[in-house]
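Q: Two chains, two frames, a set of hints: combine them into the complex.
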Amino acid sequence: MPKIKINGKETEVAAGKSVLQACLDNGVFVPHYCWHPGLSPAGNCRMCLVKVSNSRKLEVSCMYPCTEGLEVTTEGPEIADARKDVLEFLLINHPLDCPICDKAGECDLQDFTYAYRQGTSRFVEPKNMRHTKDLGPNIRIWGNRCIACSRCVRFCNEISGTGELALVNRGDRSVVDVFPGVPIDNPLSLNVVDICPVGALIDKNFLYSARVWFAQETETVCASCSRGCSSLLTTLDGVIKRHIARENPDTNKYWMCDEGRLNVRYVSSDKRLKVARGTAGELGAAAQTIVRKHGSGSVAGLVSSYQTIEEIFLFKKLMMALKADSVGVLTQSRGERRTFPGGFVIEADKTPNRAFAEMALGPEAVAQGAGRVVADILAGKVRGLMLLNGIPDFAFPTDLLTAAEKLDFLGVMDIAQSPLSDKAHVLLPGAAWAEKDGTFLNVDRRVQRIRRALPPPGAARPEVELLQRALIELRARERLVSAEGVFREVTKEFAGFSDFDYTDVGVKGVALTS
Amino acid sequence: MTLEFNKQTTDELEALCKRYPKREAALLPALRLLEREFGSVSEEGMKLVARLIGVSPATVYGVVTFYTHYRRPTDGKFMLQVCATVPCALKGGVSLYKHLSGRLGITNGQTTPDGVVTLKKVECLANCDNAPCMQVNDWYYDRLTLPVVDGMIESMRAGTWKPVRMGYNIPKHKYEPVLLKHVLEKDSETIAHYLGRGGYKAAEKALTTLKPADVIDIVKKSGLRGRGGAGFPTGTKWSFVPQASPKPRYLVLNDDESEPGTFKDKMLTERDPHAIIEGAMIAAYAIGSHDIYWYLRGEFPLGAKIAQQAVDEAYARGFLGPNPCGTGYRLDITVHRGAGAYICGEETGLLSSLEGQRGNPKIKPPFPAVEGYFRCPTIVNNVATIASVPLIIANGPEWFRKWGTEKSPGTMIFSVSGHVERPGLFEAPLGIPLRELVFDLAGGVKGGRKLKAVVPGGISSGVLTPEEIDVKMDFDSLAAIKSMLGSAGVTVLDETVCMVDTLWNTLRFFHHESCGQCTPCREGTGWLEKILRRIENGHGRPEDLQLLLDICDGMVGRTICVLADAAAMPTRSIVTKFKAEFEAHIEKKRCPMKGAAAPQPATAGAH
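In order, the protein sequences belong to chains A and B.
Read in order, the letters of the first sequence correspond to residues 1 to 514 in my numbering.
Read in order, the letters of the second sequence correspond to residues 1001 to 1607 in my numbering.
So here's chain B without its partners, still in its complex pose (with noise of 0.2 Å):
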């Protein structure tokens, strides 16, 4: 059989077609399209897309099979996602995952035999305030407990179901939010609400009063440093695409949010889009683009809903398009939705994802701001470095520098999880000491139990011991104890959490998220998988820790992203700072603390 798209799908592809540099750019949301208009992505589906696109049926076939999301003819009506990854499996995310699967009688990826629901185990869903969590179709469901997950199958069966919008979790504390301020407010996701809270000033200053140079010297001078991941100096970045290049150039907002433990820009997207928008042409200006590319995780329906009602607003109110605030510097944002790939949250691999293309990391250099997207200079900002912006460019640098330290200024998003009295998110200046986000911010570990580790930015960052969460939340202090604040997810792990199992779990994401491009990564994780699968269940051997060591020696700097450093990196601090929790379970020829206090989620509950 062969399909075809009906008229306005089709209209709907060549407009999108439009808006990439490159048709083949547009495979990602054909397949999107695919999927709305079939409800999967079968054989046939690839077929008229890979024809609609112009490439070959096979390279449509590596490209949807590198991302996890596109739904398959077998699937079910009901799409169950749970997360099992750290920050979920520490309020029983695994456990969640295994009671479904035993209700269901279906194990990970089958579908009941009735086609009603697909269980699906997955990695991090960044709403990890609200684990355990799942997200069902395009919903999440926060905080879940056994009769409420009973409850969603019934009604799935009897075709009762129905959606429930989440809410979101911004606990009150001392520090008065900056970018968090607004988020909580009724409506403030439209663009009403932003004008009328002075929104957009500060682009149509930037447009029309400074000149592009300029606009890259505030932004250097107030110190801003990237909020993805690497604290890259915002500025500086800028400065590097190549002001002589004739080539067109393009700002790429990273909203791939991905790193386990972080889940602050799912919240910017959502309820303060405009803020984003506002600072995309800020940085477009400065930079010398008209073509911005918004680029959602696969995970966010509804940010990716919301996004592209603020753009459609911003249209309509005349701030993109030919002629923002009267000058002629025509802008344009093209939202554009991932499918399922941590790694496109790195920004040569989701520049590659935003050319249609696997999620393969490229080599540097050429960094991306000299030759990034299809080859042209690139600057990728993570969207909450995008949203701090307009903020700079309406207070001055010196505002920012109200918050933070010299080399870290400014106010950052810290993600907190785990075993907290108050997880959600905290707004805080950076450089404040860990202990007072944990204990003071966050309420201390909950239930009054013991603290054990605090992976501090992500569970690519070298987790911390109870004796070392003095430390200062900024990029240079953390660097200092050979850990790194990262996207500052910082996730706590009590006494009762065994570190053998934290760390197969987070190697289980590594080796489930690696691209697979370089020997040592795409090995590399998988061996380590497999000998802490070992470890947890009662084959460890001795020789294992430094076995563990030196295969981590064997894959940090040696790979074109740093997916195998980010790997490496807790594994070299959970096996040396816990060494003998790895020896108790090698010589019990089990995990000590099994059986004991495995995670669970609540059996009763609030909802």
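Isolated chain A (complex conformation) (with noise of 0.2 Å):
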């Protein structure tokens, strides 16, 4: 471990780091274009420059190696100096269009010009010309923007392995592109967006949709796999405008899905459930007529694993008032799990929460509960049912949908129409994953939380809110409490949790102990 100085400030180096890697681990910011944590260097972009004790010029930071004694300053005139010519040196052929530019407020080459107060150019020539076209479905680029630092290139060969995407021509004519009728077109595709430093990639579901200075954004966790990546929720007047990956070592690194980000887009689907037919009260109370009318074990329920914890925890509660024996999971799996040359997997299990509903429900009721549930209303052991799905476009087992219509009762809570939805005799709107607070516990059995980025529409409510009115309808609670107090009660019941609360779970989430 070698002990360098940085600023005059000396500290201890895990071997083999970058004198970059080294200043940013210790709060001394740099600025840099080319070099993300999550791909190899490369050195081209020339923004990283600094001063060290080894050599007479100033280095690149980025590939500059740590050494036992080496000093490192990070600011001065010569260097700003190096800085702001690399500056000058890079708006030159940049088409300065920030205006109509969807990077902008959020762009690299905005934040560190006005930090070195590039206000004037001494360029007077034509600008250089380069192709403005669509890279794949989702992706588009501006290449007068590009600034050749090559992440996308090195993401594409590293991460995703697929190699779409590649520098072409040469000199200051260089631009990405991919080969003609081959588009990027991968799993992992819109990644390059969010590590182009500048806005010459562009996610064509963005491209004019929102300022980012007038949006909102939440920092929440994707519940399309139950990987449960690390995210940030855009949105603007309480509609979403994008979902992408925020860095998380324990979880996705800086990376997320295409599916992932995309298929937010069910959130304000027109399928989506706003208008109530009956309440959580009543729902509670209907149960409980065919729990006294047919004896314990005559209302059985079946929940998805894309509810939270605490709603998953409540409707545990609300099955055992209702005498409940038959639980039941709702999942969806999709494909084969998938993991990347880059380290990045992708589960064939879509739901966010399994893990969590094994926990809770026990294993048998995720891998043949659903059935069972089924089953016994055909026997017509089971006369009420109560359903909590919140699976996006979930396609109901067609033998349940037989099977709900010997039910005398059916309550469902879900957030989209579906054939369930159009027979329930209590039907309560639920919120999407966007719409509510509450926590996931992913495949590695780590905890993770959801924030709410904007109302639910309509009726909808947060089924933390309708499960605990019903339970409190049945007597079987006695106060309405928030997501975070749910949470509470979760963590006193279940081993693992520790006395984990929201704050400890925090941004980034927390592995249950063993």
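If you're looking for bench data, these hints aren't it; they were derived computationally from the structure.
Take the hints with a grain of salt, since some may be wrong.
Said to hold, decoys possible - Straight-line distance between alpha carbons at most 16 Å, and here's what the computed EDC-like set of lysine to aspartate or glutamate pairs gives:
#1 A:Lys57 x B:Asp1565
#2 B:Lys1364 x A:Glu59
#3 A:Lys5 x A:Asp108
#4 A:Lys57 x B:Asp1553
#5 A:Lys84 x B:Asp1553
Unchecked claim - To give a feel for the contact side, a few chain A residues facing chain B, derived at Cβ under 10 Å:
#6 Val28
#7 Ala82
#8 Val86
#9 Ala166
Every value quoted in this text rests on a predicted model; they were computed, and no experiment measured them.
Just so it is clear, CB atoms sit at the ideal spot from N, CA and C, and this is done for glycine as well.
A: Take a look at the structure:
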């Protein structure tokens, strides 16, 4: 572990780290474009120049190794001049079209230029022109904005392993492109938009849809598979504008899949339920009537592993209050678990909370519970069913649809219209993932938080509220608390949750204690 | 349409792939095979190569567009590549291009409607003593005149065109040649000729009687410095190879001669390839390498053919292969052709290219001797350096020190071009005065005109004024006056030359050749060129002179390799030493020399 000095302050650095990494780890920011913590270094943008004691010249910190006794200076007139020179060079052929650039407001080219006060240009020559075109179904390039940093090319070579992008041509004609007729269309493609330090690569789904400085950003977790990538949800005027990756070394590093980014569209789908039939109290009362009439075991429950820890916990309480012995879990899997060359994983399980469903209701309930509930309905044992589903565009098993015909009572909490919501005696619209607070337990048994980014539509309410109201109606609960309050109850009942609270879970989640 | 290689090409490719540590390294040769079989590099062809090499089509596309040499499907039957870089421009290369452009009715990169001719304006072809020159398909044409090119166009259209092999210029002078001693002898490129003059004895001596460390020691003692441009002591470079490393080691011969004004390596390759092979055997033995790659410029098809023939001969005689000189020390040489990129003459750019990538230079340290080809210890040596090694081993280090100075021993092959009476190659001791080289050896300024400037070491070097030409032609003397010996490409400019135009031409070269990785070089070379174009065309502003120098300040020492410095050095020297010419352009709002003396090719000539 070499000791180095950064701006006079001594620090110990892990062997093999670059000077830039050491600076960033120690809270000393050094501006950079081409370097990205998740990619191999390239050393081409020349922005991260610093002074090191081993060299007369300024050196790029991203590729300079930390050796014992190295003294690094990150600021000073010589360094500032060099960075100003780089910025001037970067801007001479840049279109400066910030007013219509989607990256504006979160662009390193804007920010560093502002920081180094580069207000005027000495460049009076005609600018180079490069292509503006689609590179794939979701990505468009503004070549004139490209600074040829090669981050996107390295991503496709090192992380997705798909290699669709290359820098083509030479010198100041260089620009990112795809092979003619071979678009960038891999499951991780939109990461290149996240990591583009300028506005060259743009997500067509986000194009011209929001000025980021007017939008809100919510730190949440993607619910599209059981990995639970940390993510950032951008909303404006109550509408989701985009869903992008957020750094988390323990789950997704810096990446996220396109499916996770794009399937948030279901939140604003036309099929969302906005009108209730009945209340949570009536839901509880109606179910209790069945139990009184037909005895314990006559009401069963189905809950999806798309629901939060808090919701599954309360659903279990509701089932206990209704003396149910048949509880099943609705899940959704698709394809195989896929590991990419860079280590990124997309799980086959397309729900975010299967791990907690197994913990709370037992592996059997997850594996065979739903089938058993159907069988019990068909056998006439179960007369009433409580359904809590939040899986987007869920295809209910046909035998369940058939069996539902036989029920005396069907209570449904769901987010979108379905054959079962049509049949429900009591129907309570629920809140989608983006509309509520809660936690998921991911495939690695890591508790992670989702946060409310927008209100649920119409009469829809977060299910923690609906379930608590039903429990209060059944006198199985005294008062209504927040999702955080419910979580505190969960931690008392389930091993591994220790005495975590929402603060402990934080924005990066926390692993269950064994 | 999906393309497939025929059986022969497929076998050839498979054999080629085995010669490289990784399959992807065979990308450039595979593209050559594609061109050979299908006539051009098409999109379908790139897909085929991508599939066979095991990289993505986009990677192949990035590589193909980095280099300038691959033939496109739309290119004509004859590819006319007219050199327009400084040494040729001085002799009318630009005017020749314009003449052809007018006559054919096409501009740069275009093809005549009948599909016969494609015209390209290209950068230096390393044939500067025969300026103006052009390359037609694989063939060089020297000292062109307008009637000759007109006749060539006619014969191409009539289908009667035949290639003509051109000659070499090695004027006789007072110094006895060492490296160039035999190059003009008949069949000097054959192994029979080479053996007849004692060839391969030095290799035998080194491999059978000397330890690798002894060889390094002898080369160190000789003081041999790299002939490719940097002048780094060769023996010292060899000693940087980590002895304990378990990784394979590589020797790479840099025959990517592309510094405008330099044409010595082409001569050695075409006329004395066995000297290079023998030197490579000794060098590889010294550094513990078994695998040698001979990287030739894409523009040297004849050189590549001769190099391959020589390598084949050396295999046949057992100098290469599993048992050279009965020692069991395996030695393999693979001839590898580039595809048109100046930057591949830079050793790390060359290694990237040899790995099958765009020729982007790599950050040093680590230096190639420690981490080079595919991150293994690698020594990259210029072929003229390598060709000196057998002589040093055969005759001893003291013999080598008979010539030159204490710090720059030996002879140097000076390439002299431009406005001199006798352009050509002059082998002379390092340290001779530039004045002697120009006025004595090369016969002085052509036509008795006045000297205006001399480029002493390829166009990357700082330009010298007539007052500075008493400088000694060695590494340190030139460095002391902020220029460099470089690859010893000496270009002489007479009083008719416009220095603004010359700098514009120089910067057009660097703009064209910058790999585009590093911001200051990618943007700076283009910016400099655009300013020069503006000044030359009468739109200069007084503040441009300071701006040019400021841009240079932002480039020098701020990039991965020294191409940015190479563009800045001539800019700084010309702007400061010939300031009055810039001011005249700006004041008069035009080039004061234009029209009067734009260099023209001869209207009639000897061919």
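Q: Taking the hints in turn, state whether each one holds.
A: Hint check:
1. A:Lys57 x B:Asp1565: Holds: A:Lys57 and B:Asp1565 sit about 13 Å apart, inside 16 Å.
2. B:Lys1364 x A:Glu59: 11 Å, holds
3. A:Lys5 x A:Asp108: 27 Å, violated
4. A:Lys57 x B:Asp1553: 13 Å, holds
5. A:Lys84 x B:Asp1553: Holds. A:Lys84 to B:Asp1553 sits at ~12 Å (cutoff 16 Å).
6. Val28: A:Val28 check fails; min Cβ-Cβ to chain B is 21 Å, beyond 10 Å.
7. Ala82: 6 Å, holds
8. Val86: Holds. Min distance 5 Å.
9. Ala166: Holds. Min distance 3 Å.
The structure shown violates the earlier hints numbered 3 and 6.
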